[in-house]
Structure formats: C-alpha cells, structure tokens
Amino acid sequence: MKIRTRYAPSPTGRMHVGNLRTALYEYLIARHEDGEFILRIEDTDQERFFEGALEIIYRTMEETGLDYDEGPDKPGDCGPYVQSERVEAGIYMEYAKQLVEKGEAYYCFCTKERLESLKQEVAGKEIVVYDKHCLYLSKEEVEANLASGMPYVIRQNIPNEGTTTFVDDIYGAITVENSELDDMILIKSDGYPTYNFANVVDDHLMGITHVVRGNEYLSSTPKYIRLYDAFGWEPPVFVHLPLITDEEHHKLSKRSGHSSFEDLVEQGFLPEAIVNFIALLGWSPEGNEELFNLQQLIEAFDYKRVNKSPAVFDMVKLRWMNGEYIKNLAFDEYKKYAASYVKQIFAKEEDGLCINADGVKFSEAALDKIMDLVKTRIEIFPDIPEKIDFLNQLPEYDVAMYTHKKMKTNSENSLEVLKETLPLLEAQEDYSVDALHDLISDYIAKKEVKNGLVLWPLRTAVSGKQSTPGGAFEIMEILGKEESLRRIKVGIEMLEAANA
RNA sequence: GGCUCGUUGGUCAAGUGGUUAAGACGCCGCCCUCUCAAGGCGGAAUCAGGAGUUCAAUUCUCCUACGAGCUGCCA
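If you read the first sequence in my numbering, its first letter stands for residue 1, the second for the next number, and so on.
The reader is advised that the hints may include incorrect statements.
[Said to hold, decoys possible] Cross-link-like lysine-lysine pairs, in silico, PhoX-like; alpha carbons within 20 Å at most:
1) 419 x 450
2) 2 x 97
3) 481 x 408
[Unchecked claim] Each pair of labels, with its calculated beta carbon distance range:
4) 368 x 448: 49 to 57 Å
5) 324 x 497: 17 to 25 Å
6) 52 x 429: 52 to 60 Å
Don't read these hints as lab results, they were simulated from the structure. Think of the CB as a built atom: it goes at the ideal place given N, C-alpha and C, for glycine as much as any other residue.
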C-alpha cells in the first residue's frame, strides 16, 4: 500500500520548529517510499485563529521545499482540506452521530457551573474528571433537551474497565487503563469538532497510513484507538517523535530565539540549513555524513532510526551548519543574501555606488571582493557588518597595536616600514592584490625580513583593527590607492607622535 | 497527585551480551599563515544510581533518582 502522510497545522501564528520538524519527517517518510504527502489545515479553534497564519504556512512549506500532493490550494480526492470547510459540509457531526447511535458517544448538557463543581485540586493543579453524568440521561430527556435548543457537546464514551493498547513504531507497545481515560469531547458546543475527533475522522477519510506527530500525543493516543475501534476502522501506523527542547531542557519558548522558522530566517539562517539541522534532531543517518540537502534526506531517511529521547536545540551547532551552507553557496546565490549586509555599513549610496564616511567610492567589483572575503568567515549574514565596518571609516585605534610580539614589530620598526613603503605605494598604479604582492614582496626580499614585520604594520595602518577578513593586500585593493595611502599616512603620524 | 514516555561526553548522537564505546558541534593544543577565518593534524570529555539475570552487562529485568509530556469545549 502506498504511504500517505499529512501535515496538519493549526493556523495560529508562525511555524514553530517543532512543528516544522514534524512536517519534515512526515514529508520524508512519504517521499522516501514514493508515497503521498498532504497538507490539511486544522482551524477548529476559532478563538486562536490568527489572520495571516495560513499564508505563513504556505510560505514556509514553499521556502523549505516541502511540496505536498494535496492541500487547500492543491485539490485532491479527499477535499476539502480545511477543517472549517469540512464542518460546513457536516462531516464531523455526521460521524459523531454515528457514534452516538452505537452508544460509543453521548450528548452532554452539563453547564459550566456543573463542570466547575467537578474540579479538584491535586498537587497544585486543577483537574476535572467528567463523571459521565449525561450518559445516564434517558432518550426522552436527550430528545427534549435537544428540541429545546439547550447547548450541548458530544462526548466519547469510554468504559471504566479494561485496558487499551496500541503499538507505536518508535516507542513500542503502550497500554493504559481505560479508567484513566476521560470521556473527551468530540463535538464542541459551537458545533466544531475538537482536534482529537477531527483528526481521527480526517485521517481515516483521507487515507492516512502513517500518523506522525509529537510525543505530547503519546498518552492520549489510546483514546484515538478507541475511536478507530468504535468506528470499526483500521488504525494507522503511529510514529511519535521525541520533543525538541531549549538549552535548559524545557520546551522551546519565544525567549530562546529559536522558536519559529521565520525567526530563524530573520536572524540570518538559510532555510536549507535549518531543514538540515532539524532533520538531525531526533533522527540520525546510518553513516557519519551530516550535511544533507532535501533530496539526500529523502534518500537517507529511514524513520525506524528516529530516537526516543528529547533533543536540545543547539544554536551553536546550527550556526556552524549555516556557515557550512554559506561556504557552499554559489557566489551569485550568496550575493543575494550578503549584499544588503555589506551595503549597510556605508554612509550612503549614490548612483549604485557605496560611499563611505570619508567620501571613498566603492564599485560593484569592490563590493564583490568584500563579500568574497567574508564568505568563509561568517556563520550567519548579520555577522558581516562588524567584520567590515573599518571600510566605512578608519577606526580610532591605539598605536600599541603596531607592537606585536610574534610579528616582531614595535613602534620604531613599524614607522620605518611605513615610511619606506609609502613612496613605493605612491609610485604604484596597479592596486590589485597580485601587483601589490609583487611590489611588497620585492621590498621584503631586499630588506631581508619576515613577511610579518612588514605586513603587520601595513594591515594595521590600513584597517585600524586587530583582526580583519583578508590581509593588507586585499584591504588595499578594496580601499584603492588614494584611501590606502591616506590611512598609511595617518599611521605614520600616529607613530611619529608616539615615538617623539 | 495519577498516567505515559525518556536518561550514552557540555550539546547532537552511533553502537553492542565480550568494542581501545564511532562521528559531529563546541572547547584546548599544534601546523599553515601579515591578523581573523578556512583547511590539516591531535587532545580532553560519556554509558544517571542501585540491585538482579549471566562466565560476562552500557546493552536484558526490576527499583530509585532526575527530566519531560498528558490530565482543556488548545492543538
């Protein structure tokens, strides 16, 4: 039989990474076996409905590459794919009534007040166990209540004796006492089904073979099993996933900065890297490889290798992985993301040219060089500005920076090097890296000193920073002759003042 | 409180009744090097605790501890 999985989010906001991983695994399980993957919108909670959430879902599926075969915007044979539309079609009520007729469910007219009175406090928490009060209403009473328009819900009738067992493909056999299972509500008083009910009905009607969902449903799954049994339906394969936590081993929260896919993208992470990273949270491939694109994940994904224990969402490793993806990006692709971060450091932009605080103009080619320099040195795009800010303006730096023990430089020999190279650089027209390299190498060779003795002062003068992406030649090439010379002269003045 | 699930280095994790208990991130060191990265090489670091089964348990069983989830007219 062909595998069919579904991703069934509620449109309540941004897509949480836990949900995204569930969607990913559902997608992967289906695609690995050449099966079908469908999208179903579970908007049965009218209060939590969030305006734009549907668009977020579509966009996220698009950006992550999780294409589905059927969904609200891709009609198939099992529509509609939005639960509120299915409510209008009367689907859930019809099935609920079937259950009532079978005695597997019943109308409940209990008021809020009565339910309140059932509340008990245990260990600081309020819990309600429904007492099946309305199960014992006579048929006449029920008819009369319904006729009078009294509000009602429909509840599942679970016996107080016996046990219910199901087998989860990851966690194995799970058994619970029926007496532990509450008579959960199937149809709410507004006529909408609860998640619990709609899920079972839709999964069956849509031919879902593998139900993949978070661990938090593990302990309520026996109730679903009883629903399948009550209908006489074959239950699907259940695949429950371990949860994802923050560094404190708590459920991911908004505060921790990794709560949603969109947050991550806004922080400068690439969708592909996010997908790759979350795929490895709760699942591992057979080999040692860790970098997988979606296609490779489809091939490698054997859901039997999903593990049981919760996983911490490690931002540090995500950053590393994102850096790997950035390094592997083709330059043109990389440029699309990086350009705005490079441009933002400059004072202004005129006629497509970036102009720095001192009026130095940077060509398109110079910008490309900057981006290239920074490509292997960042993990996320927002890392760029602070690495190249010195290009906008020579920072105020301490002369002490010219003194470097390992380079064997000090303020005296640094001054000497700058003064000696200045005329050479003034005479030089070609400021390409290669040409500068030849020029200075020649000077170094004649002077018979180590590279560092010359290049450290030059790089310092031209950048004013302890560390920079690229070396003296690269920086001079980008700054151009005029600005490079100006900065070297500034260095000479500083050193002369210090040595005086 | 009850129920359910989980526990291999700081983190992601492989693995098995007998192994020197993989690999990755991070950390540390070395090499390369004009700085920072990248790259290369190396290092420290793990089977929650206790019983039992067994010739042998990280692996099987039980208990304890700890953690998480559920216990909604939320999903």
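Distance restraint hint 49 to 57 Å, applied to the beta-carbon atoms of residue 368 and residue 448: Given range 49 to 57 Å: violated, Cβ gap about 37 Å.
Pairwise hint evaluation, residue 450 against residue 419, where the allowed Cα distance is 20 Å at most: Holds, because 17 Å separates the two Cα atoms, which is no more than 20 Å.
Restraint check for residue 2 with residue 97, where alpha carbons must lie at most 20 Å apart: Outside the cut-off at roughly 31 Å; violated.
Residue 324 paired with residue 497, Cβ distance criterion 17 to 25 Å: 46 Å, violated
Agreement of residue 481 and residue 408 with the hint, judged by alpha carbon distance not exceeding 20 Å: At roughly 27 Å apart (the allowed maximum being 20 Å), residue 408 and residue 481 break the hint.
Hint check for residue 429 and residue 52 - Cβ pair distance inside 52 to 60 Å: Holds: the Cβ-Cβ distance is about 57 Å, inside 52 to 60 Å.
In this structure, the earlier hints numbered 2, 3, 4, 5 are contradicted, and the remaining ones agree with it.
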